[in-house]
Amino acid sequence: MTVALDTGGAEAAGPWIDRAKATHPSLIDSAHVLDELLGVVNVPSGVWIDEHGTIVRPPEPAFPWRPRQPSEELLAQLPPIAAEQLREAQKIKIEPERYLDALHDWVKHGAGSRYALSPDEVIIRSGGRDIRDSQAAASFELAQHLQRSGDPGDAARWFKEAHRLQPDNWTYKRQAWSLADPLQGPTDTYESDWLTEVRKLGPENYYPPVRL
Amino acid sequence: MIVDRLDQPPADLEQRTGWSVKPEGACRGEVCVPLPAPFDTAELATRLRMALVHDEQHGLWALGPESGGHTLTSAELPEIVLPDRNGRDFELRSLRGTKVIMVAWASW
Numbered sequence: 009m010t011v012a013l014d015t016g017g018a019e020a021a022g023p024w025i026d027r028a029k030a031t032h033p034s035l036i037d038s039a040h041v042l043d044e045l046l047g048v049v050n051v052p053s054g055v056w057i058d059e060h061g062t063i064v065r066p067p068e069p070a071f072p073w074r075p076r077q078p079s080e081e082l083l084a085q086l087p088p089i090a091a092e093q094l095r096e097a098q099k100i101k102i103e104p105e106r107y108l109d110a111l112h113d114w115v116k117h118g119a120g121s122r123y124a125l126s127p128d129e130v131i132i133r134s135g136g137r138d139i140r141d142s143q144a145a146a147s148f149e150l151a152q153h154l155q156r157s158g159d160p161g162d163a164a165r166w167f168k169e170a171h172r173l174q175p176d177n178w179t180y181k182r183q184a185w186s187l188a189d190p191l192q193g194p195t196d197t198y199e200s201d202w203l204t205e206v207r208k209l210g211p212e213n214y215y216p217p218v219r220l
Numbered sequence: 134m135i136v137d138r139l140d141q142p143p144a145d146l147e148q149r150t151g152w153s154v155k156p157e158g159a160c161r162g163e164v165c166v167p168l169p170a171p172f173d174t175a176e177l178a179t180r181l182r183m184a185l186v187h188d189e190q191h192g193l194w195a196l197g198p199e200s201g202g203h204t205l206t207s208a209e210l211p212e213i214v215l216p217d218r219n220g221r222d223f224e225l226r227s228l229r230g231t232k233v234i235m236v237a238w239a240s241w
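Chains R and A, in that order, are what the protein sequence lines are.
Under this note's numbering, the residues of the first sequence are numbered 9 to 220, in order.
Under this note's numbering, the residues of the second sequence are numbered 134 to 241, in order.
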């Protein structure tokens, strides 16, 4: 199943779901509830849940395949910022092959799979949450509320506060940037943008390594 | 959770956090944390280590999740109900009995 984390709701995520013609449950989380409940900090993130409703792997980078490398011809047709982003995205380290192998192993062996974690390990791997993280979540929720209420200026103030409090949360950043510019390029609203931040961090560090 | 007044518990407190306000205090499962009367969301936030952020201009507060521990306090999937593309609510609980991979994505 999939869950779209989109403040814009069905208007934003719906056309993608339609295009995919998905036959699995395809849900929309316009309030970013999964961020808060499970600790999703970037997409795509996968969570494995067993037959009893127990999480056996908490959120982690989950690529189903290695995206195709865009041709120079395609890149030439894109807005310059989008082409630059795609070039940088090629340098991002992902491990879809290992991840899919592990997923297939779990499907076959269930609790006997070495990739199915114990409840204690799931909790540990979900990471710590300090008071700044809680403040960031509250700030992000205020921002979304104001955005939906038609006050994008004040929303941006709270989005920035969430970014300041939890700088490694890419969901907070990418959602906010996309509301100011669908391409997440430089704007007058935010001091930074996706390409700048990825280059600062190093594309190889954009996703944490999957600990299989 | 967005709240516009502090003198009553947020309506979606239990759904979002598992905590509910009872006469004996804030309770989740067998654990109850005493709360002073009358009810005050600021006290609840302090005692459960939840951030309470205030937007004075709009007269709003936002209550953040519990802090001081792990993001997940249990491996049991919380009760989550989300709409599908057509606005129909879907309970994740309905998938019990099968293995599930839940992939979070976004249009942005």
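The set of hints was computed from the structure by calculation and includes no laboratory data.
Check each hint, because a few of them may be wrong.
Pulled a few chain R residues facing chain A out of the computed Cβ check, cut under 8 Å [as the list claims (entries may be wrong)]:
(1) Thr10
(2) Leu108
(3) Glu199
Take a look, some chain A residues computed to stay more than 10 Å from chain R by CB distance [said to hold, decoys possible]:
(4) Ala170
(5) Ala184
(6) Arg226
Beta carbons are placed, not taken as given, at the ideal position from N, Cα and C, and that holds for glycine.
Quick rundown of the hints versus the structure:
Interface hint at Thr10 of chain R: satisfied, since its Cβ lies 5 Å from the closest Cβ of chain A, which is below the 8 Å cut-off. About 10 Å separates the beta-carbon of Leu108 of chain R from the nearest beta-carbon of chain A, more than 8 Å, and the hint is not met. Proximity of Glu199 of chain R to chain A is violated relative to the hint, the smallest CB-CB distance being about 18 Å (cut-off 8 Å). Residue placement check: Ala170 of chain A keeps its beta carbon more than 10 Å from all beta carbons of chain R (closest about 25 Å).
The beta carbon of Ala184 of chain A is not kept farther than 10 Å from every beta carbon of chain R, the shortest such distance being approximately 4 Å. Residue-level check failed: Arg226 of chain A sits 7 Å from the nearest beta carbon of chain R, not beyond 10 Å.
The structure does not agree with the numbered hints 2, 3, 5, 6 stated previously, though it agrees with the rest.
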